[in-house]
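Undergrad: Residue numbers (the numbering used here), protein chains in the order written: chain V, 790 to 1436; chain G, 790 to 1436.
FYI, nobody ran anything at the bench for these hints, they're computed from the structure. Among the hints, erroneous ones may be present.
Claimed, not checked - The list that follows gives simulated cross-link-like pairs (lysine-lysine, DSS-like), each with its CA atoms no further than 25 Å apart:
id, chain 1, residue 1, chain 2, residue 2
1, V, K1331, G, K1041
2, G, K1336, V, K1385
3, V, K1142, V, K1260
4, V, K1138, V, K1094
5, V, K997, V, K1170
6, V, K1183, G, K946
7, G, K841, V, K1397
8, G, K1183, V, K1087
9, G, K806, G, K946
10, G, K1331, V, K1383
11, G, K946, V, K1041
12, G, K1009, G, K952
13, V, K1183, G, K1041
14, G, K1087, V, K1183
15, V, K1087, V, K974
16, G, K1385, V, K1397
Number of protein chains: 2
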Amino acid sequence: MKSAVSITDPFWTTYTKLIRKEMIPYQWDVLHDNADISIEKERDDNGIPSEKSNAIENLIIASGQKEGNHYGWLFQDSDVYKWLESAANSYLLHPDENLLEMMSEVAVLIEEAQDEDGYLSTYYQIERPDLKFKRLFESHELYCAGHLIEAAVAHYKATGSKKLIDVSQKLVSCIQQHFGVEEGKIKGADGHQEIELALIRLYEVTGKEEYVELSSWFLKIRGEDPDFYLKQLVENKKEGLSTGDFPHIDLKYLQAHKPVLEQDEAVGHAVRLVYMAAAMAEVAAIKNDEKLFSTARKIWDNIIKKRLYITGGIGSTVRGEAFTFDYDLPNDTMYCETCASIGLLFFAKAMMKNEIDVEYAEIMEKMLYNSIISGVALDGKHFFYVNPLEVDPKASAHDPGKSHVKPIRPSWFGCACCPPNVARTLTSLSQYISDIFENKLYIQLYQDFEGSFKLEEQSLSVSMTTELPYKGKSKVSFTGIEHPITVCFRLPAWSSGYNVHNAGEYVSEQDGYLEITIDLDKTIEIDFELPVIEWHAHPSVKDNFNKVALQRGPFVYCLEEEDNGSDLHLMSLTDKPLAVEVNDPVLSHYVGLKGKGERQLIDNTWQKQLYQSDVTPVTEEMDLSFIPYYLWANRSIGEMRVWVTRQ
Amino acid sequence: MKSAVSITDPFWTTYTKLIRKEMIPYQWDVLHDNADISIEKERDDNGIPSEKSNAIENLIIASGQKEGNHYGWLFQDSDVYKWLESAANSYLLHPDENLLEMMSEVAVLIEEAQDEDGYLSTYYQIERPDLKFKRLFESHELYCAGHLIEAAVAHYKATGSKKLIDVSQKLVSCIQQHFGVEEGKIKGADGHQEIELALIRLYEVTGKEEYVELSSWFLKIRGEDPDFYLKQLVENKKEGLSTGDFPHIDLKYLQAHKPVLEQDEAVGHAVRLVYMAAAMAEVAAIKNDEKLFSTARKIWDNIIKKRLYITGGIGSTVRGEAFTFDYDLPNDTMYCETCASIGLLFFAKAMMKNEIDVEYAEIMEKMLYNSIISGVALDGKHFFYVNPLEVDPKASAHDPGKSHVKPIRPSWFGCACCPPNVARTLTSLSQYISDIFENKLYIQLYQDFEGSFKLEEQSLSVSMTTELPYKGKSKVSFTGIEHPITVCFRLPAWSSGYNVHNAGEYVSEQDGYLEITIDLDKTIEIDFELPVIEWHAHPSVKDNFNKVALQRGPFVYCLEEEDNGSDLHLMSLTDKPLAVEVNDPVLSHYVGLKGKGERQLIDNTWQKQLYQSDVTPVTEEMDLSFIPYYLWANRSIGEMRVWVTRQ
């Protein structure tokens, strides 16, 4: 019996239900161009008018069943694969004949679209077969292959069907024939990392070590020859395959500016970086590759200590959706793509396979409860790509440097990576709850779940019920204990203390975990304190000087205009806020924070002046009202901010 | 005898000397591609590697003396014209045979490059004669014509040569044949305003009212048909003159989104807006056009009350070098182009021809002593396009959203509008010193000058010697007084009080001016107080919350890393600073400001943390040292900021 965890937590099952009932059917319609997304154009000036997907159509054309042109991005196929992965994950949680049939239909189509030799990427199949694997800096061929593989693995796990595992293995064979150290093969990696991670998933279900080797090779060939991508273009031109000027290839954007093993900072496109780093950690764990692991750890430390937003967002600039430099964390121009936070979650999980460090679990929790779910509206049909920490709708509308910062979630995107990525992640949440490492069971996240684990030659059942995320009490029951096991409960950094009951004698605190030896079936109670925490940022973070961000439990909080009025930048917190339970018609039940503050007034002397000397700011007292960050932009269009001036 | 003013002020003659000795010869070499600008590439990673100009070469090719292609921007010709205008202005201040010959050589070349029918724009002559006047949204043909006219007028005033006045009139005839209300003529204006202003200059030396009418027509046709520019492109395509997709034309960028008389906000490209507004004010004054004037005043008020940086910069975003929205004045991502401040100076001067309002003079002074001269290095050979209020060299290097914000002045630009624009402006400074309005002489700026004025049927001489800009004492001598005249001395907003001696009995304060009746030759002394002023920005200016900017006399001040160390954002001013005289080996003599302050320290607890709770900021006292803003970036590459936290 393998370990298995099933989440029963109301907080998260709300999401998985939303995914099952809303997102998956909606995204299915979008992929088939059936969704009535035109009405969304009326919704709001700030909403991006949604475009057609054509993703299923592209596969139909590639399969030869229809004539036509490819439409969409070079990576349009990946939308289908990510949908399929979400659908499979969701099916595993909640089997449904109709969904099984939808998945089956897509699986057949994918199989039909694959070329004889295993190649699969509809843009190149339909439009430019002569350029297959020849423009890797932008082609996303292996990126799409990676998402296909991840979907195939999920589909197999959920349904037992090996159809797409076969397609994947055939595709990987094709890749192996074209890439590698041998004479005449391509010696470079896809511009967008993803295959590296997917190959590990394929290894996990097939046991074939060659997939780990290929993943490792792709990681290590990256940046070995910084001219690799340009040389491909030169070669294409020589062969008459393409004309025109060579585009500028920003090698840092692709993390191909130097060999991966020499990289020690998080640079370039944030999603690519974390996908790559996650794969590095996965390969390191399987191959016990210390060099690879220590490189991944350097990148991890650089992100966590210097380039991470308090909400869990990464990517300080929209230009290249990229990292910038240490401590550069502007709140209103950043990118903080939902997918990048998802990638950081993968990275954290993969690091935990190498070593136990409570920081990985802290970061997983931060991602899940903040920057990932902030990407989804409560209706399950609107999505943020960009997750800002400060929004002014006027700036979004009139400052072109902030036009990417939407004050409301649009319905779907021309480049639609985030919505299905959220869906596949939240439907596979169970893997993040716990780890088994060196014969110890680690409980990383607190939520209601039922788990069965194989540990020390015993099969045991673990069941948790908890009042978290809003209250501190958790009960964990163990059954099936025949001889003693060690269970390590994460002591969350957001808790100022805890009480534990019925734990027995063998209890110790160790590196952020409460280590308990359990020698008979029992129910342990842990009660965490949930104080309101005021976070200060490192003084080198310019934009947060004299400001604090609030957290309670796993949630980071924010001010919204809806609750506090406009001009949030004129408000200061003057006292420690308190937690209050709120029942809101739109936001449902949540715990908000209320604190004394003051607001600087714009008195009459300012009516005709832009600048004045000898001014004494006039203020009035007010109550500041905070909501969990992930809930923002669900009620109205208005200002929002996470970092608030502290008097 | 016409009024004439000659500036003898050491502050400004330093600049006119620099222009004569350094900028004009250097720019001459650049235009002729003789300048050794390649060595500049070594200067600094942040310096833009300079490109070749080819501007003279383009004229030679257009004249038919040589075969070849046009190189550079569509408006490359204007670099030559702006150089010529500066050279002529400089020649007027300081005649020089060599310069006369250089100007003459250029004038002959321009005449030779002109087509038979008067047309002149080297890009279209050389590359696309079939598209003359047919892509006005971007062609800059009339923009270049405008700069030619301004150069011609300056050349004529300086040398008496009418050669380029003739070329200009021939060019305007050509324009009149192509543009106008008559059937078959073009009913639109150049995408970049400039001809409108230049036609007024041509009217002033020729007396031909048709030029005022043409200027007025160009102003009023703008935005009348918002589809005008697109229709030109559609027509071109129909005639087979161009192919491909139509580019997106941002009509607000061009201020052509609605008729000019309906515009009441400063929108779009900042230089275009102020050039247009200046022309509106000029035409309004000549034609007594109240509607045009009141529209110009609305735009003025919008800029001054809601969209003007404390330094005099305008243009809050690099995207489109443009205005954004009210009170949006970010300090580190703005544009604040040197040319835009020059245009605002023109606008202020032109407004003063309609009505006396001390605000116009205040703004002129603000531009001249701050955002215009900040565009030039003290060596006269390096120039800022962008004049930021906050710079961090790390951000300039690693945040693509700030890559336009240079921490050091580069030598020359691929698009080289600012350097010659500064040169022509500072060599024609005498026009801004004074105004005669409704039989009163207004003294607007305080600097050493000798002037002769015609007022109330008398010829009088006025001579000022002043300790300004750094100390307050001024003496003004009047000779040639036969019957009483009224002189109005501006009471600068930066002065907290003044003493006046020997003014006689007829003295009164009136709307920001000290009005004195002078009935005999005399020397009046005025002594202004120069306190250190702490400016607060309107509370709606988010980025300046809890901050002040310092001013003393006409100068706005800033902190530089060179004097204060790094991490300027961690420094706060805790007491009112005092003025101190400084003699610096690079900056020469200036008055700096020194004030008590404190610096938040980055203590050891931050070594491994990006966020901490329960932090008590640790601070240490320090002296903050400010320099006049225009002097920044002359000593080293480092941080700079104008707005400083005030405790």
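Undergrad: Against which earlier hints does the structure fall short, listed by number upward?
TA: Going through the list in order, the structure violates hints 1, 3, 5, 6, 7, 11, 12, 15 and 16 and respects the others.
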